[in-house]
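All chains should be modelled from the sequences, with the hints used to inform the complete structure.
Number of protein chains: 4
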Amino acid sequence: MSSRLIDGLLTTDALSHAFSDEVLIESMLDFEAALARAGAACGAIPMPAGAVIAGAARLTAVDIEALLRGARQNATLSIPLVEALTRHVAAVDPDAARYVHWGATSQDVYDTAIVLCVRRAWRSIQADHARLLSALGGLAETHAGTVMLARTLLQPAVPTTFGLKVAEWLGGVARSWHVWAESYDRTQVLQFGGAAGTLASLGEHAAAVEEGLAGELDLAIPDAPWHAQRDRFANFVATGGVYTGSLAKIARDISLLMQYEVGEVFEEGGGSSTMPHKRNPAGCATVLACAHRLPGLVATMLDCMVQEQERSVGGWHAEAATVADAVQAAGAAVAVLADTVEHLTVDHNRMRRNIESTRGVIFAERVTFEAAPHLGRERAADLVKAAVQSATLSGRTLADTVADSADLRAALSSHGHAALFVPETYLGSADAFRLRLIRASLPATRKH
Amino acid sequence: MSSRLIDGLLTTDALSHAFSDEVLIESMLDFEAALARAGAACGAIPMPAGAVIAGAARLTAVDIEALLRGARQNATLSIPLVEALTRHVAAVDPDAARYVHWGATSQDVYDTAIVLCVRRAWRSIQADHARLLSALGGLAETHAGTVMLARTLLQPAVPTTFGLKVAEWLGGVARSWHVWAESYDRTQVLQFGGAAGTLASLGEHAAAVEEGLAGELDLAIPDAPWHAQRDRFANFVATGGVYTGSLAKIARDISLLMQYEVGEVFEEGGGSSTMPHKRNPAGCATVLACAHRLPGLVATMLDCMVQEQERSVGGWHAEAATVADAVQAAGAAVAVLADTVEHLTVDHNRMRRNIESTRGVIFAERVTFEAAPHLGRERAADLVKAAVQSATLSGRTLADTVADSADLRAALSSHGHAALFVPETYLGSADAFRLRLIRASLPATRKH
Amino acid sequence: MSSRLIDGLLTTDALSHAFSDEVLIESMLDFEAALARAGAACGAIPMPAGAVIAGAARLTAVDIEALLRGARQNATLSIPLVEALTRHVAAVDPDAARYVHWGATSQDVYDTAIVLCVRRAWRSIQADHARLLSALGGLAETHAGTVMLARTLLQPAVPTTFGLKVAEWLGGVARSWHVWAESYDRTQVLQFGGAAGTLASLGEHAAAVEEGLAGELDLAIPDAPWHAQRDRFANFVATGGVYTGSLAKIARDISLLMQYEVGEVFEEGGGSSTMPHKRNPAGCATVLACAHRLPGLVATMLDCMVQEQERSVGGWHAEAATVADAVQAAGAAVAVLADTVEHLTVDHNRMRRNIESTRGVIFAERVTFEAAPHLGRERAADLVKAAVQSATLSGRTLADTVADSADLRAALSSHGHAALFVPETYLGSADAFRLRLIRASLPATRKH
Amino acid sequence: MSSRLIDGLLTTDALSHAFSDEVLIESMLDFEAALARAGAACGAIPMPAGAVIAGAARLTAVDIEALLRGARQNATLSIPLVEALTRHVAAVDPDAARYVHWGATSQDVYDTAIVLCVRRAWRSIQADHARLLSALGGLAETHAGTVMLARTLLQPAVPTTFGLKVAEWLGGVARSWHVWAESYDRTQVLQFGGAAGTLASLGEHAAAVEEGLAGELDLAIPDAPWHAQRDRFANFVATGGVYTGSLAKIARDISLLMQYEVGEVFEEGGGSSTMPHKRNPAGCATVLACAHRLPGLVATMLDCMVQEQERSVGGWHAEAATVADAVQAAGAAVAVLADTVEHLTVDHNRMRRNIESTRGVIFAERVTFEAAPHLGRERAADLVKAAVQSATLSGRTLADTVADSADLRAALSSHGHAALFVPETYLGSADAFRLRLIRASLPATRKH
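Chains as they are written, first to last, in my numbering: chain S, 3 to 450; chain F, 3 to 450; chain G, 3 to 450; chain C, 3 to 450.
Calculated directly from the structure, the hints in this document are not laboratory data.
Just so it is clear, CB atoms sit at the ideal spot from N, CA and C, and this is done for glycine as well.
Take these hints with a grain of salt, some might be off.
Here are the in silico distance ranges between beta carbons for each label pair [stated by the list, open to error]:
no.	chain 1	residue 1	chain 2	residue 2	range
1	G	D187	S	G140	57 to 67 Å
2	F	S359	G	A63	38 to 48 Å
3	G	T347	S	A412	45 to 55 Å
4	F	P445	G	A63	49 to 59 Å
5	S	G140	C	G45	53 to 63 Å
6	F	A68	G	Q391	20 to 30 Å
7	C	A63	S	P375	25 to 35 Å
Shown next as structure tokens:
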């Protein structure tokens, strides 16, 4: 009764697995097993009980429907799951069953399980991110000298290089990943506070159980339980939203460059159910679809932070699904974008033709700058504007219409003014910026 | 590999079924069958082909994994589904297979299928809404005379009745339902435009197929295809967000009234995995959790409206999952709140004791108003404020500390001032408002 | 110390005036004056006091700084404003000063004042909306026969008309306006409940004062005070978000059509500070900027609905600024879009050239449909796909490459297949849809 | 025509000044002056021109209305401002006027100016944050031993200390500040790319001007211009949203603890316009109002990241107002919360009485844990649950009803079971956690 198909574009197999019923239950049972071992190790519970519980906490025949009913009745999945585990242990060893979940509260096991699900998802996201970085890095190198139009407000501006364009993409992705990865690291902490965050029921054993449990699960120990302090997950989702925004910017650019009328880059693309000639930016559409989800999910996480006292009424209960949706959408976006960029086709001839089709008007700024010291800026601007209009109306090149003006000809004479209309000579710091961006994105420079 | 458990609080069985893979596919096939019948009826496709396709468009062995792969490759589920159906039909009758999906585009079948899923969900939401209205209406009648504290900024204000409080809840729910239901009605339209919204491939048959198809599916015919005009769904989700907000307001109030220190109403509640004495507002927590999701989902729908030309890159692709999440969260909220309100316990004695525990300071406004015409408003306010402070510090009642002031005694003498401290005599228009709210919420008054 | 410039694109002069300090204070004083008159008329306060207050409640020398300090201290502007008015009245007539604000609470005056500010803003929005409808309607008529490319996923699909495209814009705007205008009507209600929504302090005069006050302000009487029931404003902002989304869709389309490489429509546009040749879609940029604000503002309004008991802690306090921002952004969007559409230039020659530049591949669907009954759909599709690829690689037209295939030639022979590549003959129901959309958008059809 | 009053609770004087017209213009002129000096220093423009421009770029008589008109016409304030400056310079020295804005584009000056406005705002936010940290730190020390109820889902759970509660608040604030401050640091970079991010018009002087300009303005040099890469501001606002969420959690807790029926802490509070007895949590209301704005503003920033090519149509144009709103709301929240916490009254007697009023049922978990090893967990839980119910119904203490059960008496005999009901002996790791949180929040531990 799930909706895998409706959500299909917003996740991947690996990511939906990381948040599947199976992995969630396994993670919750991992917590209970680790708790039993840690408790037994320090004497909080009897050693044999610990062994029995740890041995029994495996995924066997789980009744998902029953868990769902129990979860809805109590507004937490932990209660029916702990009950099911207790029954399971009691069938083996009634004495041991006394010590199931010893010292923990519902939120401890559930929050920690979500931390573990996130860790599993992260591994696959890391791999896709590495693929994307590598693909972008490659393109940024290959196209260091590929000249193309820069477009501002969707209008031709001045020349740039595709190498710089890709390096800008790379920079955005690398910077926002750096922040997201730091946020991820901060989520990898144990949740363990007992009934109300004091571990009171464990008495003197509290610190030892806490340490043992964290060690078993390979999680850091936070300064204190965080039942109602949700900044870690909120930051993780919020900065994941920024990361996804950086991906979406690339997808939007590619989809625009892939327009038939522009035709400068192409993804492999998908088809149409009715039009044989169509080659659709299916990868970009998927990345953008994922990105559309993030702002709203981030808003929900922030809104949920305002939790009541030591455990909230509703704020906490909305988080896990939001985290799962956000991580899957962000992760699907990077997976699909990595595929898209890895298979991108670049048409450098079309890029040049598109520059040429502007008939040189994109050099109007350059001509103005060259002429300004001789004519004054305002007069230079006026003359060039007139030349641009003349070129636009007549279909001649700006080089020609500039030459119509004696003043401009004189002001630009030192150059042989045709040289002003060669894109390669008007790239400014494009390559310097490209190199700085690539350097800053290297793993050596950033920790993540 | 789905996450039914993580999403468990944010849907119900009926709602998750309405958006299940099974129902989605069935709805898409219903579209294709209806299209075949409508096409055959008017001669757009051969009659036998129509019959074969309509007969074959049934859910048989569907390979969800293959559909998912195909959907991801093309950024639409329709392409692999239509291919699967075509193969299925071709196995029966290769001639008929030529006419599968005749005249339609991917978005036609998918959008219409989502319309049908929404219709299925709506039926269950309507039933839960009716239960909630009825339960609120009953409470508002029963407690017409149940006196309690009104609280503003979480501080005792003046007396009110629980009947009015519930009637206010009822009013908010009824009004926002009215708007939501109108929005729902507007979603129940066919999507049918062919490749780019002109139905060009159907030529002269277009109008007849459109009419037949809408009739088969019992959907209205919109003014035109709405491939890139998404106001209907955006409005539906946005006004569903308002409806859910009205539900959440009730849940927040109940959870506050159920505080141990307030203790005026109680839901049946859920337990704690570690504390035997706990009775948690599990229903309220669930309603509030659902409500936390809506603002973000609405933001996504609005953001998705800005679609490119005749079909968007990404905006459309993010919608269906957002609609499904929103409808399920809103629907789960009303289902759970209906349960909660149906089983609400009201402690009218505690309500009265809570009034008494304020020792009459909540009548300070009343005393001021009574004294103001005699003493001037400022002087009256000053004297009453002093009496309130004296009552607060000394633990005496305001009636007593007011009597300490000769001026106040004189100003209030006409009343026998003790009468001023009886809640039942300071309810103002509470009952008039209660009745107006109830009347306005009746089905006779509103269409929905 | 305001930031008119930072907010400059997100409002208009008329709209920022509607929410200015001046108009807000004037509206609050209008409430107090009307309250005094209504109270005096029914004997709730002495007739002379009513006259004095009503006469004094005019904007004179207001100390904005002092009001701001008082508002921040009490988390409501009403307290310092009522104090200032009381002092002002007391200077004229100390007796009358006793009756200032008689029976009302802070929220009554503030909420009602915001209702009045919204009304003022609405008038200017209505006028701009009417301009936009008219401009779109004109374009949709003029360009009934202007043939252009439909583009799906930013790729050429099949031909359509600019008239239908504009009519689709018109339909989205008209439908979402209809809903928004209904929501607006529902906001035009009085807020009047006294301390906690019972009007207790007015006793038997409550109904008469309520009626008189509503009449004075030309507002409807709601079923009950709505201090903590915020569905009306939430709906208004939410459906305003949908309306703005419909505007933004148009702006996005125009900005895409105005790309140098597409060049089909042009707004008058703005310039660049450095590039003389630039003609930027400044109007579209502004409309889209406004639209970017709405989803977040709507989310805030929905989030704010979850208010505590009879008056909330914070939820209410965030609303007015959110309403003001949302109304201004939506209103600026329609004002600027109306300007943009009124001055839109359409290049129908370029539209035709852009169709021709696809060399007929956009008719691939048509050819497939024509051939399918003869060859079977799959074979037809395969042959046409091959012809498309051949056309793409060779730069020949699809008409030519189709003719390379004997099977296709035979299947299409009845037509003289060149006729298949004429856009005017493949517009399907474009004009029928155009007419239906225009008709549905007429004021006669919709109430608003 | 501004709305200072409507926005009054969502900013402070210092913050609204930082984003005022005055400071914005001053910052833009600072950029132009610094650009002139840097250009002159390296020979990009003549030395005298640099001196004249730098000298003239001061705020004199600015025509805000004219700037607003120009900004709206061009969708950027930079164009009319640069024109105004050019005219101003030309009046002094026409030759120098040629070199105004030399090499920069509109977005360079505007983005950098917003960076400078943010820096000014940050200084005041830092001071308020320091006050808040200090106030929380003090409370966490003072109340190390102040016993109170922990409340989960708004129900009494087990005892905790107010010191731990405050330390949890402190931890959330300190952690989320750390992240926010890092994000802030990353915003403090120059924007300087010229027409399309290549600085082409500056040729060989580009690097020198960039360095000089950054030095003049005391900003870091980014890897490259970031005209369409908006991760820095998006991260800043997103993590500011998390920070504000941590503040709001405190405000919500205080407002709940300040309820008349709880009465454990009090802010100084504001009054009511009609009820003399009211003491409202005005500070909390303001903090929560600010916090309600952030999720939506963050969503807008994330949504705006998806920018087109080298400069976007609308995405960029929506950012500055969003940043200004977000920084002001976050900054107002911390300023008001610092005031609130600095003046918080704590009633430790009431905290103890509230524990006592539970008649010991909050020790049910403890009793169960003590009895479980003797009776088995399930039997222990059943017996304790019965005792809790008996206590609830009869109004006796749990200590008494536990003693009714011979089994429980026996199981607990080793203790003298009354000792189990002393809160001070059931605080578990409360103090250890408190100390860890305080230590982690110290400036020595965190960089910020």
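Checked hints:
Between D187 (chain G) and G140 (chain S) the Cβ separation comes to about 59 Å, which falls inside the hinted range of 57 to 67 Å. Checking the proposed 38 to 48 Å range against S359 (chain F) and A63 (chain G) shows it holds: the Cβ atoms sit about 46 Å from each other. The supplied range of 45 to 55 Å is broken by T347 (chain G) and A412 (chain S), whose beta-carbon atoms lie about 36 Å from each other. At about 54 Å, the CB distance of P445 (chain F) to A63 (chain G) agrees with the hint of 49 to 59 Å.
For the hinted restraint 53 to 63 Å between G140 (chain S) and G45 (chain C), the CB-CB distance of approximately 38 Å leaves it violated. As the Cβ distance of A68 (chain F) to Q391 (chain G) is approximately 26 Å, the hint placing it in 20 to 30 Å holds. Taking the beta carbon of each, A63 (chain C) and P375 (chain S) are about 30 Å apart, inside 25 to 35 Å as hinted.
In terms of the numbered hints stated before, the structure departs from hints 3 and 5, listed from lowest to highest.
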